[in-house]
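Work out the full structure, taking the sequences as your base and the hints as a guide.
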Amino acid sequence: MDIIVCVKRVPFTQEVDLEIGQDKKDIDRSPLVYALNDWDGYAIEEAVLIKEQFGGTITAITLGSEDDEEVLRRCLAVGTDKAMRIDPGSRELDGYGISRVLSEVIRGLSFDLILTGVQAEDDNQAMIGIMTAEQLGLAHAAVVTGIEVKDQSALIRCELEDGLEERSILSLPALLTIQSGINEPRYVSLMGIKKAAKKGIETVLLTDLNLTEEDLAPRTHIEEVYLPPDTEGADMIIGEPSRIAEEILRLLKEKGVRT
Amino acid sequence: MNPIFVLVEHRRGKIRDITFEMLGKAGDLSHWQGCPLTVVLIGWEVTPFLQELSGWADTILVVEKEELKNFDAGLYQEVLHQLIQEYRPCITLMGQTSWGLDLAPALAVKTGFPLATDCLDILTDGDQVKAIRQAYGGKVFTRVALKKSAGYLMTVRAGAFSPEKTEERKGEIIKQELKADLPEPRRRFVEFVENGAGEIDIAQAEFLISVGRGIGEEENLTLVKDLAQSLGGVLSCSRPIVDKKWLPKFHQVGTSGKSVKPKVYLALGISGAFQHLAGISGAGTVIAVNKDPKAPIFRVADYGVVEDLFKILPALMEKV
Ligand SMILES: Cc1cc2nc3c(=O)[nH]c(=O)nc-3n(C[C@H](O)[C@H](O)[C@H](O)COP(=O)(O)OP(=O)(O)OC[C@H]3O[C@@H](n4cnc5c(N)ncnc54)[C@H](O)[C@@H]3O)c2cc1C
Chain A
9 MDIIVCVKRV PFTQEVDLEI GQDKKDIDRS PLVYALNDWD GYAIEEAVLI
59 KEQFGGTITA ITLGSEDDEE VLRRCLAVGT DKAMRIDPGS RELDGYGISR
109 VLSEVIRGLS FDLILTGVQA EDDNQAMIGI MTAEQLGLAH AAVVTGIEVK
159 DQSALIRCEL EDGLEERSIL SLPALLTIQS GINEPRYVSL MGIKKAAKKG
209 IETVLLTDLN LTEEDLAPRT HIEEVYLPPD TEGADMIIGE PSRIAEEILR
259 LLKEKGVRT
Chain B
358 MNPIFVLVEH RRGKIRDITF EMLGKAGDLS HWQGCPLTVV LIGWEVTPFL
408 QELSGWADTI LVVEKEELKN FDAGLYQEVL HQLIQEYRPC ITLMGQTSWG
458 LDLAPALAVK TGFPLATDCL DILTDGDQVK AIRQAYGGKV FTRVALKKSA
508 GYLMTVRAGA FSPEKTEERK GEIIKQELKA DLPEPRRRFV EFVENGAGEI
558 DIAQAEFLIS VGRGIGEEEN LTLVKDLAQS LGGVLSCSRP IVDKKWLPKF
608 HQVGTSGKSV KPKVYLALGI SGAFQHLAGI SGAGTVIAVN KDPKAPIFRV
658 ADYGVVEDLF KILPALMEKV
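Note that the protein sequences, when read in sequence, are chains A and B. Read in order, the letters of the first sequence correspond to residues 9 to 267 in this note's numbering. Read in order, the letters of the second sequence correspond to residues 358 to 677 in this note's numbering.
Rather than coming from a laboratory, the hints here were simulated on the basis of the structure. Careful: at least some of the hints might be erroneous.
[Stated by the list, open to error] Cut-off 30 Å, straight-line C-alpha distance, at most; resulting in silico cross-link-like pairs (DSS-like, lysine-lysine):
(1) B:426 to B:505
(2) B:601 to A:59
(3) B:536 to B:371
(4) A:261 to B:618
(5) B:620 to B:651
(6) B:505 to A:263
(7) B:620 to A:32
(8) B:648 to A:33
(9) A:261 to B:582
(10) B:504 to A:32
(11) A:263 to B:618
(12) B:504 to B:487
(13) A:261 to B:676
(14) B:602 to A:59
(15) A:202 to B:601
(16) B:648 to A:32
(17) B:601 to A:90
(18) B:582 to A:263
(19) B:467 to A:33
(20) B:620 to A:261
(21) A:263 to B:620
(22) B:651 to A:33
(23) B:602 to B:582
Set out below in structure tokens:
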């Protein structure tokens, strides 16, 4: 089984006061700490589990700057064989453009399965995986919570709404977008990452790919990013923890769930 | 005028709520643009749905074939593509659901139309279509402009629009024949699996004490379990807790978990991603404890505490 996993490095935005960037097209990312997109961590782990069972190779691909190689190193540390970074240079791409680039690179590689995360934590678009599948003319499934590979097909579980799942059989090659909880991503030691730093990362320049202006022209563009409009919001309970606790208990009584 | 398309979502003999929410918004859009409203009903043995849909749209396009009995993104995409080529809808709406997640991006590539996913609102500004979305887990909003095109695809967040019928429409039914054969399916449906059932039903609970990733470690869960016991509340959680197998799936609140309607929902260390919030819209009073004053949960909570939950939990335990 040759598996390709597409991954993204995303900023960590919890417990951070986000500021809107000067051009109002994004948040100010400069003070933020970055990590591998959570959903992609599950995709990489799933690839490693399949490889442990069937052998083959795993290639991790990201589209980004040199800094983004950090997540490729993490992939290498957990068992990815090859890592590739596509450098977009100064080109701004939207979801469609990214899928166009990814598919162009993947077309030249050998694979039975492509995995991506369901969505990225930063833009929450949930479109790159399935768009890439379509660019490559592949069978696809979204929100996958289980994969059992059998010959040239896979028995998969897909998450629907309300605690319902669907089991189906998909013929390979295929692209699956991986949902959190499908496995338990293994712990990656700093040592492992340091060791992986010695493995090479192949770089592909966007300009070397056979893509036209039209392929890359954005179909959507962000006009403005803004902080959520004020809502009435919550009544804030402030004070010492013991006062807060008293107030919560009083509320529980008032709302009739405690005597 | 080119129509607005709304894809009817249904499962196991029922039309899903998102369908009517999309129809509510499509009703508005049709006024601005003067476009007729067309619902697209794809499946097998779907005629019982026609009654429910009548009056909601000007036209109901029905594609009924046994191969379409179960949702298959590959086949549904082919059907929609043929319908789009024939009727040239200006906007096609789908749910940001398990269907839409698999279907919309592929259809965007196939049609060449711009796609905005998970829309909270859709605006038309002259002949320009724009979408309001969220990014960074709901911490910021974005306004996205879609490049001028003969058609646009948008997926709509569940709960973003109210399922309101502003007027009766004639609901003309068209049984649509396909122009080209469907391709060989590459996916074969096997079965549905209920994953959410368990010994307690959080949907019935009056008081839920719900815990999220903010709990940090599995050991810390004991604190919350103790509190739930002392306060007489039922334990529930956000998805990461189930993903880590710290609690079974039937405790999970949200789109892929359960919708709940307690009198009080006490959320501890939960950020308030929309998939979680969708499950608590029926809660009477929401009390949220979170270290991050900008956590989206505070936008829907009635009462908020900006504090480390490990300070609040012991204080609560002490008082009960
Ligand atoms: C298709 C799909 C379906 C999904 N379905 C669901 C679903 O049904 N239910 C669901 O919940 N999610 C669902 N999700 C996942 C959802 O997007 C979020 O990832 C998830 O809800 C986040 O859970 P959380 O709030 O517990 O964790 P996080 O987003 O990680 O938030 C943790 C919060 O805890 C706070 N915190 C940390 N430490 C402390 C402390 N010591 N004291 C106080 N606060 C602290 C942080 O500030 C943060 O706000 C789904 C996602 C997808 C793509």
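Going through the hints against the structure:
1. B:426 to B:505: Not OK: residue 426 (chain B) and residue 505 (chain B) at ~35 Å, beyond 30 Å, violated.
2. B:601 to A:59: With a Cα-Cα distance of about 22 Å, the restraint between residue 601 (chain B) and residue 59 (chain A) holds, given a limit of 30 Å.
3. B:536 to B:371: Distance ~28 Å between residue 536 (chain B) and residue 371 (chain B) Cα, so the pair holds.
4. A:261 to B:618: Given pair residue 261 (chain A), residue 618 (chain B) holds - Cα atoms ~18 Å apart, limit 30 Å.
5. B:620 to B:651: holds (25 Å)
6. B:505 to A:263: Violated, at roughly 52 Å.
7. B:620 to A:32: violated (40 Å)
8. B:648 to A:33: holds (27 Å)
9. A:261 to B:582: holds (20 Å)
10. B:504 to A:32: holds (19 Å)
11. A:263 to B:618: holds (14 Å)
12. B:504 to B:487: holds (9 Å)
13. A:261 to B:676: holds (13 Å)
14. B:602 to A:59: holds (23 Å)
15. A:202 to B:601: holds (27 Å)
16. B:648 to A:32: The given pair, whose Cα atoms are some 27 Å apart, holds under the 30 Å limit.
17. B:601 to A:90: holds (28 Å)
18. B:582 to A:263: The hint holds at about 21 Å.
19. B:467 to A:33: Holds, at about 28 Å.
20. B:620 to A:261: holds (11 Å)
21. A:263 to B:620: holds (7 Å)
22. B:651 to A:33: holds (20 Å)
23. B:602 to B:582: This hinted pair holds, its Cα atoms lying about 15 Å apart.
Of the numbered hints listed earlier, those contradicted by the structure are 1, 6 and 7.
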